[in-house]
Amino acid sequence: MDRNNLIKWLKEPKKMGNKYSLWAVYFSTACGVIEVPPVLTSRWDAERFGIIPVATPRQANLFLITGYVTTKTLKAIIRTYEQMAEPKYTIGFGSCPINGGMYWDSYNTIKHLDKYIPVDGWIAGCMPRPEAIFIGVTKLWGMIDKGLATGYIRYRENYDYYRGNQEKLFGSMEWPPLYTLKEGTNDG
Amino acid sequence: MSFLNANTYYIAAFGLIFIGLYIVMAKKNLVKVVIGLSFVDSGINLLLISIGYIKGGTAPIFSRPGISPLKMVDPIPQALVLTAIVIGVAVLALALSLVVKLYQQYGTLDIRKIRGLKW
Amino acid sequence: MSLEMLLVIAFGGAFLTYLLGKLSPVLRDILAVLLTLVILAIVALFYGRTGESSFMNFLGFNLSLRINTLSWLFAIAVATLGSLSTIFSLSYMKGKERLDFYYLMMLIVNASMLGIVFSGDLISFYVFWEIMSWGTFLLISYNRGPALAAGLKYIVMSIVGSTAYLLGMFSLYASYSTFNIADIASRISTASPGYLLSVLVLFSITFGIKNALVPLHTWLPDAHSEAPSPFSAVLSGILIKMGTYGFVISMYVLVGIKALSHLGHGILSFHFMLAILAAVTILVPTFIALMQDDAKRVLAWSSIAQVGYIILGIAIGTSLGFAGGMFHFLNHASFKALLFMAIGAVEYRTGTRDLNSLGGIIKKMPFTFMMTLIGALGLIGFPLTNGFVSKWLIYKTLILGKDPFLAFVALFGTWGTILYAYKILHNIFMGQLPEEYKGVEEAPFSMKFPMVILSIIIILFGILPGIPLKVINVIGVSLGFKSLAVNIWGIASDTGALNTINIFSAILVSWIVVWLIFKAAPTSLRVEQDNNYAAGSYVPTGRYLYTANFYAPVYRIIKPYVIDVVDIFYMALAGAVRTLCDWTRRMYTGELGSYVMYIMLFLAVLITMRLGFNIW
Amino acid sequence: MVNPVLLIAVPLGLAFSLPIFGLISKRLEKYLPVIAMLFNLSLSVYLVPRVLTHPIIVYIGGWAPPFGIDLFVGPVGIFFSVIIALVGLLVSIYAMDYIKEGDTGKYHVLFLLLLTGAQGVVLTGDIFNLFVFYEILCISSYALVGYLRDRDGLESAIKYLVQGSIGTGLVLTGIAFIYGLYGTLNMADIARQINSIKPAANFITLALIITGLGVEAAIFPMNAWLPDAHSSAPSSISAILSGIAIEIGVYAIARVIFTIFGATDILSFVALVGIITLLVGEMSALKQNNIKRMLAYSSTGQIGLIVFAFAIATSYGIEAGLFQILNHSLSKALLFLAAGYMIYRTGSMEISSFEGMGKRMPLTSLGFTIGAFSLIGLPPFAGFASKFLIVKAALTKGGGLYTCLIALALVATVIEGAYFFRVVQVLYFRGSNENVTRQEAPVVALVPFFVLAVLIIAIGIYPGPVMHVLNSATSEFVHRIAYIQGVLR
Amino acid sequence: MKLAEFIISPILAFIIGIFLMGLSRRIMARIHRRYGPPLMQPVIDLVKLFSQRTVSHGPIFDIGVILSLAGTIALILFIPFGGMCPLEASGGLLVILYIMLFAPLGLALSGGEGANPNISIGISRKFILSLGYEVPFILIVLAVMTYYHTISAVDVVKAQSSFHWALFSLPLFLPGLAYILIIPAMLGIRPFDLASAPQEISSGPMAEYGGKYLALAEIEHAFSIFITIALFVDMFLGGSGNVVYFFLKVLVVFIIGLLINAVFPRFRTEQAVKFLWKWPSVMALAGLVIVLAI
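Protein chains in written order, with my numbering: chain H, 5 to 192; chain B, 168 to 286; chain D, 474 to 1089; chain L, 934 to 1422; chain R, 3 to 296.
One or more hints might be untrue.
Said to hold, decoys possible - Taking lysine-lysine pairs in the BS3-like style, the calculated list, with each CA pair at most 25 Å apart, reads: (1) LYS955(D) with LYS731(D); (2) LYS285(B) with LYS1220(L); (3) LYS79(H) with LYS115(H); (4) LYS1330(L) with LYS268(B); (5) LYS15(H) with LYS943(D); (6) LYS285(B) with LYS268(B); (7) LYS238(B) with LYS222(B); (8) LYS19(H) with LYS115(H); (9) LYS199(B) with LYS280(B); (10) LYS19(H) with LYS992(D); (11) LYS150(H) with LYS12(H); (12) LYS1220(L) with LYS268(B); (13) LYS280(B) with LYS222(B); (14) LYS18(H) with LYS76(H); (15) LYS285(B) with LYS222(B); (16) LYS115(H) with LYS76(H); (17) LYS18(H) with LYS172(H); (18) LYS1032(D) with LYS160(R); (19) LYS875(D) with LYS160(R); (20) LYS955(D) with LYS836(D); (21) LYS992(D) with LYS18(H); (22) LYS79(H) with LYS19(H); (23) LYS19(H) with LYS150(H); (24) LYS1032(D) with LYS731(D); (25) LYS875(D) with LYS955(D); (26) LYS992(D) with LYS836(D); (27) LYS1032(D) with LYS276(R).
Keep in mind that the hints were calculated from the coordinates and are not lab data.
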């Protein structure tokens, strides 16, 4: 592991910090979350990699979409995603968020998550095992290293597209658009 | 007996006063109360008179030279009584007129029923 | 400018203001403000003067006025708060009924407080005291509704106090045949301790009631919360401190330190009893304040608790404690007045002071929030505010005087203070802004100005406590206390010094460091309040208020224990007296016969007692 | 040198000639009391400086005492006659507008007779003459109480009459005893002959007279008539009754105890009775909803305080009692007069119906407030000075009894404060604060308010001149021998 | 030299605090039979947090968190720390008591403007908890101050020189034990982590914190770990004239506390307050009574 590589730290502290301190939103969309507790606790001990679950999206920078996404859940997912601090990474988890999976013809499950929020990577399987999660995380590390995990930038730049899709699905949204707000610099 | 004999007037006077007071305190009819008041008045008048009274005395007029001043009745209580009677009458008249008016207002003279003002 | 002139100006100006109000409200407002400012200027010019002069002969006694540093200190506080609250009234009271009356009473109370502190004998003290009492009564009742009961409670307790004062005053007169404070003080040293104690206890009842010392405090919460806010500021800031002044006068001027130290030993001494009362005054009201839901009621209970600190400092009777108590009096005057004004401003704009329905006003009234914050920090005794210094002095006195339990109560009370002070801040200003207060505006200038002045005082005295402490030290020395090593930055001492400049610079430097770090990090995105984590869902603002029952767990713990037993007792007593009175008049039955019987009974008793038992 | 007899004669004469004037013009009637009282006031004030140096003693018909009746115009007499004339004048001015119903001529006749009686009582030096004037006062007040001829008025009048008659009967019995014992009716002469009240006969006489006078003075428990009578009489009469009549009773008691009997050993009992009167009065007033009844009970209480002050019997105490009489006359007159117009405007005596009066009748309310404050004893009003003096007197007297009693008195003050402040709150702060139309009392009524209020404040701030008179008056009570020698020469 | 202390002591405190934080995660993992994160993990987290771009709810949201940290850093200067105490004559322990207020109050103000119900609950719990532990804490500090008859922390340390440690003296033994009991409450760690309970109220006052705000809060936490334990070392273990020695004492105390507290579940608020008002308070009170009796 290169987190002991001092030169890299001095060169790109932000990237390194983001890589080795992935704090995941503790947010379970569906059945997939059954695999997450073993990952986080003694058996697989994700804290080794700096991955810890946190309670609020404000503190988190990793979002695991665990399982199928109903339209109702999607609303919460979007809200949570928008509230996460940047840079933030999303990983679709299991086959359902990718293409609907076994709910491909369900009336209230969405088939393509990346139409609504940007997804940086996918972990296929039903369910993916904890090892798969670690593989996914290492892939994400690589992407961060190469500067490919840019979901949050895409979301910001193509906000009209995502917002449009969201509004198409939900009708009107309850909360105002995120990025039309004036960007204040109200620092102490 | 000599006590009674010597003090007949006083006993009568206080008797009247106490009877009057009893009436005022115990009787429920306003007219009776007023009568009680006049009892008290009469008693007091009698008391006043008897203070100046001397048994077998005469009027305090020095018209006949034979009468000794010691035999004369004291005139001042009599003057007082006259005044007191006048006052008593005035009070009695006022009281009775008030009683009349009260009867017109309340339709009763029972003091137990005329209790609009209390506490 | 003589003292008589000052009082003539103060009282005469008050009536002039009233009359002018009949002509033109604008002129009245101007005159009222001008008058208080003139008084302030005159009082300020009196600095350092001492002297006594007789101004009137009342029933054969010379009434005199005198000035010294002690009375000057109180007078300057009176004059300052008087002018500030009058300025605050300008917009707060605008459009209310009976303004001429309001200003008249405000100015009369102000003038009578000046009279109290400048009076040189017990009679004029009493006269001004009573004028202050009924003036206050009229002002407390001003708001109608529940204020009426509060006013009545106040005035009844106040009369009880005056009664005690009269008894004390005349028993002094009976012994020394003079009412002049200085004369009595010079002769009292030979008095027996028991006599002194009885006089002091009588005076303590009077001043304890005005000062809201537990168990004489029950008028205060109602009165403070129901009075108009500018007057609440005066009431809590300075009016109840007249009781403090009375305590100082009766304990240290009339009786004197030397005689006072002979009143009992150890725990059973007068000092210590008063100190224990003061400790109770700190402890219980603090936790009652915690449980209130009306902002002004919280502040009112807090006033009682803070008065406990003042009395604790004064009662303990060392030079350090005295300085702490006196300084805390000044500080409490500043921050509590500020808080009442700030709450008043909020009430003025929103129309409510219910802590459970307000919230998020900071977005609309940031300035008022800052003022409330400074006031609350002062109340807590946060370092760099004046409250810290005075509390520090009191704690130190208690710890070094081997009274750690009193010190514990004082410190623990401070932690209670933090809780309710934050509750006020949070429930009014923090949290979500309810829909109905979206249109709220910032307080007008005439409200801002007094608040700014007070907050400057709080910060200034917090960083440079030497300014007032020097004056207080002069007072202490004149009363016979040891002189303190006062510096502009605090107090030097072997057993632990205080240096506010150091604290200030430490915090300033670390602030700058942290701020630089903060600035260096990426700037953050400013979001509206409703962009808020709620487990992914969006909760509309109207249903997002989360301030009710703020300290629920602690309420559950302390609720069975923290009850205003005294108030319940007084209320029961008042109820019993009322019932008794009601029964008394039942003897007038309306039955003529019984009336006549009463007459005869009287006669019979009179005669029987004499003739039968030979009593008379 | 004007003859002080005119103080009695002028009102008396005018009273009986009033119906004749009434024949000329009905409107003239109501000015006559004003004229009479104006005359009395100016005469009394004119006499004050002379009387203070040495009392004027007038022998009626030229008969020297003890054989003739004399008028003793001492400081006490002149003090009371100033009060009577002053309050009488103000009330008669007030009554010019206030008394509209009924046979107003009779009202004015009775009113003048009442004041005549009062003047006579305070000036006379003969005890039977005192009784006669006393009866004049009482009978006219019985009639005046029932003047309105409504249910309450008549009921209270008859009750007042019965109790009053019993009282005066007791006085007369006492006088009969005195005459029987000493054979004289001149007060100075009796006083000269009485050495002590120790003998039972003396004591019973004293007891009879005190009890009898106590009925009119409304000392507990003989004060049952007072709340009824004061509350149901017309307000102007209530003011006179409270402001003058009961004080006259207290005067008579003081005269009997101090001057005639020189009875010092009964004083502790009197003090006790005074305090009980005070307590009972104030306690009964506390829960009253009827304003006039409340004021009447308060009068009882104040009488108790006055009696207590007199019973202290030091010069301080008597001075304080006299001062309190002055204060009570002025304040209670002001209170009743102000309450009268408020009742007139609202048509109800319930305190709760006075809500918003501060707006409707601002000056009347102000007058009421000043009166109330003065009665409670708040500075800078006159009541403060009197209460101050009373407390001073009681505490300088020393002794546990008086200290306890004054403490009780101060407790009563607290109760008094409670109910008066409640009324003040009702006037100013209760009810809606909407704009109400102003219905101020007429100017004729405002003049008395103004004069009384100014007097209360002036005396409260500067009691010096009053104290000057009171000092002499006190010494008249204290120095019994001087009185006797002055009359008997 | 004095001037250097102003810079050295906060930096050393920061390093020790961060180290202790890393150590605690590591030890905790071992107790769970995990491998645990590297010791440097808190630093990595801080670097990440400072690089993040998060949201602000308003000026007080920023000022509060800065105030919190600034106060804590200033507090270091008042605490005798291995022979250093840059501001020794500025108010002593009483000032320390008060400056300890900056952190919770700053966080509370900041969180208040965050306007989140979770924050409100968290703050409320934090204050209630502080009310709970202040009772024993004040009693402990008072016992120490009364025993040594001074309010200066430096004097307290001086009085314990040459191994006259307060913890092993008769009157102050019980207060010392009480202090150990309340250390987790003062730090807000288990079993007293009710204010920032992530599972119940989304980490309470820090629910709206992300990025640099969270970073500052973490630094503050690191400092307060150090301060709380340093205060214990100063008051009961005789402080030290030597930084290394001082650090060792801190370490020992910290590990003992950690071992005790790693295995406990969380108290409910009332339970916590009742516990704190019962055992530690009684012990401290007994100590104070003994101090007074001697």
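Right, here's what the structure says about each hint:
1. The suggested pairing of LYS955(D) with LYS731(D) holds, with an alpha-carbon distance near 13 Å, which does not exceed 25 Å.
2. Simply put, LYS285(B) and LYS1220(L) have alpha-carbon atoms about 13 Å apart, close enough for the 25 Å limit, and the pair holds.
3. Restraint check for LYS79(H) and LYS115(H): satisfied, since their Cα atoms lie roughly 14 Å apart, inside the 25 Å limit.
4. Between LYS1330(L) and LYS268(B) the CA atoms are separated by roughly 52 Å; this puts the pair beyond 25 Å, and the hint is violated.
5. Taking the CA atoms of LYS15(H) and LYS943(D), the gap is about 58 Å. The hint is violated against a cut of 25 Å.
6. Restraint check for LYS285(B) and LYS268(B): satisfied, since their Cα atoms lie roughly 20 Å apart, inside the 25 Å limit.
7. Of the pairs offered as hints, the one joining LYS238(B) and LYS222(B) holds, with about 8 Å between alpha carbons and a cut-off of 25 Å not exceeded.
8. A distance of roughly 32 Å separates the Cα atoms of LYS19(H) and LYS115(H); the hinted pair therefore is violated under the 25 Å criterion.
9. Between LYS199(B) and LYS280(B), the direct Cα distance comes to roughly 15 Å. Compliance with the 25 Å bound is thereby established for this hinted pair.
10. For the hint linking LYS19(H) to LYS992(D), the alpha-carbon distance of about 20 Å falls within 25 Å, and the restraint holds.
11. Distance restraint check for LYS150(H) and LYS12(H): the Cα-Cα separation of roughly 13 Å lies within the 25 Å cut-off, and the hinted pair is therefore satisfied.
12. Simply put, LYS1220(L) and LYS268(B) have alpha-carbon atoms about 31 Å apart, too far for the 25 Å limit, and the pair is violated.
13. With a C-alpha separation of about 48 Å, the suggested pair LYS280(B) and LYS222(B) falls outside the 25 Å cut-off, and the hint is violated.
14. With a C-alpha separation of about 35 Å, the suggested pair LYS18(H) and LYS76(H) falls outside the 25 Å cut-off, and the hint is violated.
15. Distance restraint check for LYS285(B) and LYS222(B): the Cα-Cα separation of roughly 50 Å exceeds the 25 Å cut-off, and the hinted pair is therefore not satisfied.
16. A threshold of 25 Å between alpha carbons decides the hint, and for LYS115(H) with LYS76(H) the separation of about 13 Å falls inside it, so the pair holds.
17. Straight-line distance between C-alpha atoms of LYS18(H) and LYS172(H) comes to about 36 Å, which puts the hinted pair past the 25 Å bound.
18. The straight-line distance between the Cα atoms of LYS1032(D) and LYS160(R) is roughly 44 Å, outside the 25 Å bound, and the hint therefore fails.
19. Between LYS875(D) and LYS160(R) the CA atoms are separated by roughly 21 Å; this keeps the pair inside 25 Å, and the hint holds.
20. Between LYS955(D) and LYS836(D) the CA atoms are separated by roughly 50 Å; this puts the pair beyond 25 Å, and the hint is violated.
21. A C-alpha spacing of about 16 Å is found between LYS992(D) and LYS18(H), which places the hinted pair at or below 25 Å, so the restraint holds.
22. The hinted pair formed by LYS79(H) and LYS19(H) fails the criterion: a straight-line CA distance of about 30 Å is larger than 25 Å.
23. Between LYS19(H) and LYS150(H), the direct Cα distance comes to roughly 10 Å. Compliance with the 25 Å bound is thereby established for this hinted pair.
24. At roughly 43 Å between alpha-carbon atoms, LYS1032(D) and LYS731(D) are farther apart than 25 Å, so this suggested pair is violated.
25. At most 25 Å may separate the alpha-carbon atoms for a hinted pair to count; LYS875(D) and LYS955(D) meet this at roughly 19 Å.
26. A hinted pair counts as satisfied when its Cα atoms are at most 25 Å apart, and LYS992(D) with LYS836(D) qualifies at roughly 23 Å.
27. Distance restraint check for LYS1032(D) and LYS276(R): the Cα-Cα separation of roughly 14 Å lies within the 25 Å cut-off, and the hinted pair is therefore satisfied.
When each numbered hint is compared with the structure, violations occur for hints 4, 5, 8, 12, 13, 14, 15, 17, 18, 20, 22 and 24.
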